Amino acid sequence: MAKTKAVVVGGGLAGLMATLKITEKNIPVDLISLVPVKRSHSVCAQGGVNAALDTKGEHDSIDQHFYDTVYGGDFLANQTPVRGLVENAPGLIYAMDRMGVMFTRTSEGLLDLRRFGGVKNHRTAFAGATTGQQLLYALDEQVRYKEVLGLVNKFENWEMIDLLIDDNEVCKGVVAQNLATMEIKEFVADAVVIATGGAGMIYGRSTNSIINTGSAAAILYQHGIPFANGEFVQIHPTAMPGDDKLRLMSESARGDGARIWTYKDGKPWYFLEERYPSYGNLVPRDIAAREIYDVCVNMGLGVDGKNMVYLDLSHLPTDFLNKRLKGIMDIYETFYGDDPRKVPMKIFPAVHYFMGGIHVNWEHQTRIPGLFAAGECDYMYHGANRLGANSLLSAMHSGTVAGPAVVKYINGLKATAAETIGNLAEQVVKKQQNEHEKLMKMEGKENPYKLHDEMSDIMYRNATIVRINKDLKETDVKLQEFQQRWKNINVTDMGAYSNQTVMYVRQLRGMMDLARVIVGGALRRDESRGSHYKPEFPKRDDENFLKTTLATYKNGNPEFSWEEVDISLLKPVERKY
Amino acid sequence: MVNLKDVQYIKLKIKRRNSPQEASYWQDFQIPYRPNMNIVSVLMEIRKNPVTADGQKVNPVVWECNCLEEVCGACTMLINGVPRQACAALTDKLIEKYGDRPIQLEPLTKFPVIRDLMIDRNKMFDNLKRVRAWVQVDGSWTIGRGPRLAEKDQRIAYEISHCMTCGCCLEACPNYNAKSDFVGPNAIAQVRMFNLHAIGRMQADERLEALTDKGGLQDCGNSQNCKQVCPKHINLTAHIAAMNRAANAYVLRSFLDK
Chain R
1 MAKTKAVVVG
11 GGLAGLMATL
21 KITEKNIPVD
31 LISLVPVKRS
41 HSVCAQGGVN
51 AALDTKGEHD
61 SIDQHFYDTV
71 YGGDFLANQT
81 PVRGLVENAP
91 GLIYAMDRMG
101 VMFTRTSEGL
111 LDLRRFGGVK
121 NHRTAFAGAT
131 TGQQLLYALD
141 EQVRYKEVLG
151 LVNKFENWEM
161 IDLLIDDNEV
171 CKGVVAQNLA
181 TMEIKEFVAD
191 AVVIATGGAG
201 MIYGRSTNSI
211 INTGSAAAIL
221 YQHGIPFANG
231 EFVQIHPTAM
241 PGDDKLRLMS
251 ESARGDGARI
261 WTYKDGKPWY
271 FLEERYPSYG
281 NLVPRDIAAR
291 EIYDVCVNMG
301 LGVDGKNMVY
311 LDLSHLPTDF
321 LNKRLKGIMD
331 IYETFYGDDP
341 RKVPMKIFPA
351 VHYFMGGIHV
361 NWEHQTRIPG
371 LFAAGECDYM
381 YHGANRLGAN
391 SLLSAMHSGT
401 VAGPAVVKYI
411 NGLKATAAET
421 IGNLAEQVVK
431 KQQNEHEKLM
441 KMEGKENPYK
451 LHDEMSDIMY
461 RNATIVRINK
471 DLKETDVKLQ
481 EFQQRWKNIN
491 VTDMGAYSNQ
501 TVMYVRQLRG
511 MMDLARVIVG
521 GALRRDESRG
531 SHYKPEFPKR
541 DDENFLKTTL
551 ATYKNGNPEF
561 SWEEVDISLL
571 KPVERKY
Chain E
578 MVNLKDVQYI
588 KLKIKRRNSP
598 QEASYWQDFQ
608 IPYRPNMNIV
618 SVLMEIRKNP
628 VTADGQKVNP
638 VVWECNCLEE
648 VCGACTMLIN
658 GVPRQACAAL
668 TDKLIEKYGD
678 RPIQLEPLTK
688 FPVIRDLMID
698 RNKMFDNLKR
708 VRAWVQVDGS
718 WTIGRGPRLA
728 EKDQRIAYEI
738 SHCMTCGCCL
748 EACPNYNAKS
758 DFVGPNAIAQ
768 VRMFNLHAIG
778 RMQADERLEA
788 LTDKGGLQDC
798 GNSQNCKQVC
808 PKHINLTAHI
818 AAMNRAANAY
828 VLRSFLDK
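Residue numbers (our numbering), protein chains in the order written: chain R, 1 to 577; chain E, 578 to 835.
Bound-form chain R, shown alone (with noise of 0.2 Å):
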């Protein structure tokens, strides 16, 4: 057989490691991001990495790492899957330790632990506050190694914009557009891996970075791979209010001993030490912001009257908190002008992470043989509501499992895609670069940003913490009134070269996409789980609705179906705190 090849679009944590995994086995990967894959968005990550370690003399277990995992989940995780990422989380992070990720350490020299929400052990190791920073870096300076030996092509500063699907529905590559001179070109490949991050962008301001739109994974969608729960969107309780970004302050603050008050009747009101005082302000983020708003909306407490409560870690030491924080306090400080040591952050929730993402078995492969999807755009550990500190092992551990998938996957092919193409590949840059010519038309009266303003607004008013039938029905006929207005955009960039607005225009069409496949999903779910809150219905259904939600993409509209949970490990339970 000639030579085989590989594609992974993103280099995030999941990226990187799948494009670790595949060069280990000499199998080389052309490695395609929209930025310089080191100022991906899991750089944002604080507060650390869970894995069972058990050094802090509290006998904890990959069991009990387990059983959070899927309570926190409100049993709609796939078992057998969660099982896989728990088992593999203690060697993953000594691997991460091996290749120099600067966690922070004991006085003998070992990683430390510190608290998240949700579990009663010290679970979560960690690298001051951006924990994720320094573990991208280390996958960074892992795959420079790879491109060095010459097993890694980076494409940085390019943009996946399709897929190659032959006749057999088999993934034969992709097709990106390079965003400084707008080529339009094939990277033919014998299997894909998309790890492309979440969507926070479709609620306009989020704790997420500017690239996460979605758009990769809406790609996908449109190409009929079903998108599954969208409707479960993490809204994080802990988040800076601001003008442009609203900037995560990690739930390690509350790990390492912050308190969340306000005032009522004159007085500091812990109003989650007082309604939950087993795990105190360490509940589980659904549960946090859920009643932050409460506090805020319903009994109007908000400090100075406006929807922000305190985040306090002023009463611990100094030394402490610098040792441990000064990543966040130093975000803080920077964009607030306050000084966290000395006085009460002000903090409310924010959208954060998707949950759900493109449907895939197992092995992270998609029901289009060849291409394989890992990290936040996937929807499989993490259920209705993802664990704090789970995140960066998820996205980790995915790329370890998709990456030898591809492997093994490759390895089973009798002939090369190369060898098999035929002239799919010009037919789709054909395409791609008649698409591009029209968007680069467009002439009508909508700015493509305020149009993205309006939707995300909606967004954030109906589809996060509270959802009510009636809201989300409007929000989807608004939504289909926007991909009308779509196709009278007026792109206003006319330069041919490195021109971010028609890009953005062909983001947002998709970011639509996902919007309605989030409101259709919340709509159908009459129930409450986890991330997911209806008033209507205030109860878990586990009769109707332990369910995976699937949207599948017909004639421009989401179809729902729905695929049993695998529960084959852990009989669902009453989800209490």
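Rather than coming from a laboratory, the hints here were simulated on the basis of the structure. One thing to keep in mind: the hints can contain errors.
To be verified - To spell it out: a stretch of chain R is covered by chain E in this simulated footprint if at least three of its residues, at any positions, have a beta carbon under 8 Å from a beta carbon of chain E; those stretches are:
{"hint": "1", "stretch": "104-113"}
{"hint": "2", "stretch": "120-132"}
Unchecked claim - Among chain E residues calculated to face chain R with C-beta under 8 Å, some are:
{"hint": "3", "residue": "PRO627"}
{"hint": "4", "residue": "ASN643"}
{"hint": "5", "residue": "LEU645"}
{"hint": "6", "residue": "GLU647"}
{"hint": "7", "residue": "LYS706"}
{"hint": "8", "residue": "VAL714"}
{"hint": "9", "residue": "GLY721"}
{"hint": "10", "residue": "ALA727"}
{"hint": "11", "residue": "SER738"}
Unchecked claim - In the DSBU-like style, the derived pairs of lysine-lysine whose C-alpha atoms are separated by at most 35 Å in a straight line are:
{"hint": "12", "chain 1": "E", "residue 1": "LYS670", "chain 2": "R", "residue 2": "LYS323"}
{"hint": "13", "chain 1": "R", "residue 1": "LYS487", "chain 2": "E", "residue 2": "LYS634"}
{"hint": "14", "chain 1": "E", "residue 1": "LYS625", "chain 2": "E", "residue 2": "LYS674"}
{"hint": "15", "chain 1": "R", "residue 1": "LYS342", "chain 2": "E", "residue 2": "LYS809"}
{"hint": "16", "chain 1": "R", "residue 1": "LYS306", "chain 2": "R", "residue 2": "LYS326"}
{"hint": "17", "chain 1": "E", "residue 1": "LYS582", "chain 2": "E", "residue 2": "LYS634"}
{"hint": "18", "chain 1": "E", "residue 1": "LYS582", "chain 2": "R", "residue 2": "LYS267"}
{"hint": "19", "chain 1": "R", "residue 1": "LYS326", "chain 2": "E", "residue 2": "LYS804"}
{"hint": "20", "chain 1": "E", "residue 1": "LYS590", "chain 2": "R", "residue 2": "LYS438"}
{"hint": "21", "chain 1": "E", "residue 1": "LYS804", "chain 2": "R", "residue 2": "LYS342"}
{"hint": "22", "chain 1": "R", "residue 1": "LYS450", "chain 2": "E", "residue 2": "LYS588"}
{"hint": "23", "chain 1": "E", "residue 1": "LYS590", "chain 2": "R", "residue 2": "LYS441"}
All values reported here derive from a predicted model rather than from experimental measurement. Yeah, the Cβ is synthetic: ideal placement off N, Cα and C, and Gly gets one too.
Let chain R serve as the given structure and place chain E on it in line with the hints.
Below, chain E without anything else, positioned relative to chain R:
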């Protein structure tokens, strides 16, 4: 000092360029004043209505940004002549410091311009290859616990590991320019980080060899500008000094071993 209450517009003077081959030109913009903005949110406002201060309809300004919280390094540019991240450049603070005059935005000058404020910093990543900025593990597989690391070494290395490869230090360095071979303060500091790690240390000599080579430590003129502009407050000059000592020891050792 300007009273923010009297400010009606946030004014910008932006150095633009349509493509690498074309010449640069300046354009003025203004948007109605709002409190608590930063340079990224101002640029986002402009692209919603890309019109210059004198009413001319133009292409929206192109710039790089991603995380908007000063950890990815993408949005680095010259803001009133200072290299820094646009997201962390708060307009209220700029107006308080510089007054009501237009805030001047330019691309970094030491890197090729792609368009407007967008630059190509690939050379920085290439320099990381020159100094072998990675721990050479046998593989990513699970082989048990990693090496212990003393807290005091971790603290030094953790500071260095915040480097975003943003380019501020190179922009400020008088010994670095677009044609220079100098690996730069950031790459030298990275060597210190890898040489502190128990496995990384096993390739310490290879990295020190790179630093004693052309474009290495000898190109540092000790102007100390790098430390002044580092947005992550990495004590670059201290790390360069430490690497100078290590490199001298290495050279002496190599000489004696011959």
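These are the hints, each one checked on the structure:
1. Residues of the stretch 104-113 of chain R lying with their CB closer than 8 Å to a CB of chain E number 7, which satisfies the three-residue condition for coverage.
2. Using a Cβ-Cβ cut-off of 8 Å, 3 residues of the stretch 120-132 of chain R lie near chain E, which meets the minimum of three, so the contact claim holds.
3. Residue-level restraint check for PRO627 (chain E) holds (minimum Cβ-Cβ distance to chain R is 6 Å; threshold 8 Å).
4. For the restraint placing ASN643 (chain E) at the interface with chain R, the shortest Cβ-Cβ distance is roughly 5 Å, inside the 8 Å limit, so the hint holds.
5. The beta carbon of LEU645 (chain E) is positioned within 8 Å of a beta carbon in chain R (closest approach about 4 Å), and the interface hint is therefore held.
6. With a least beta-carbon distance of about 6 Å to chain R, the hint placing GLU647 (chain E) at the interface is held under the 8 Å criterion.
7. With a least beta-carbon distance of about 5 Å to chain R, the hint placing LYS706 (chain E) at the interface is held under the 8 Å criterion.
8. Checking VAL714 (chain E) against chain R: minimum C-beta separation of about 5 Å stays under 8 Å; hint holds.
9. With a least beta-carbon distance of about 6 Å to chain R, the hint placing GLY721 (chain E) at the interface is held under the 8 Å criterion.
10. Contact between ALA727 (chain E) and chain R, as hinted, is supported at the beta carbon level, the nearest pair being about 5 Å apart and thus within 8 Å.
11. The beta carbon of SER738 (chain E) comes within 5 Å of a beta carbon in chain R, closer than 8 Å, and the hint placing it at the interface holds.
12. About 28 Å separates the Cα atoms of LYS670 (chain E) and LYS323 (chain R), which keeps this hinted pair within 35 Å; it holds.
13. Pair hint LYS487 (chain R) plus LYS634 (chain E) holds up; C-alpha atoms about 22 Å apart against a cutoff of 35 Å.
14. For a cut-off of 35 Å, the pair hint linking LYS625 (chain E) to LYS674 (chain E) stands: about 27 Å separates their Cα positions.
15. For the hint linking LYS342 (chain R) to LYS809 (chain E), the alpha-carbon distance of about 21 Å falls within 35 Å, and the restraint holds.
16. Pair hint LYS306 (chain R) plus LYS326 (chain R) holds up; C-alpha atoms about 27 Å apart against a cutoff of 35 Å.
17. With a C-alpha separation of about 29 Å, the suggested pairing of LYS582 (chain E) with LYS634 (chain E) holds against the 35 Å cut-off.
18. About 34 Å separates the Cα atoms of LYS582 (chain E) and LYS267 (chain R), which keeps this hinted pair within 35 Å; it holds.
19. Of the supplied pair hints, the one linking LYS326 (chain R) and LYS804 (chain E) holds, its CA atoms being roughly 19 Å apart against a limit of 35 Å.
20. Taken as a hint, the LYS590 (chain E) and LYS438 (chain R) pair is honoured in the structure, with Cα atoms around 33 Å apart against an allowance of 35 Å.
21. With a C-alpha separation of about 27 Å, the suggested pairing of LYS804 (chain E) with LYS342 (chain R) holds against the 35 Å cut-off.
22. For the given pair, LYS450 (chain R) sits about 21 Å from LYS588 (chain E) by alpha-carbon distance, which is consistent with the 35 Å threshold.
23. A C-alpha spacing of about 29 Å is found between LYS590 (chain E) and LYS441 (chain R), which places the hinted pair at or below 35 Å, so the restraint holds.
In this structure, none of the earlier numbered hints is contradicted; all agree with it.
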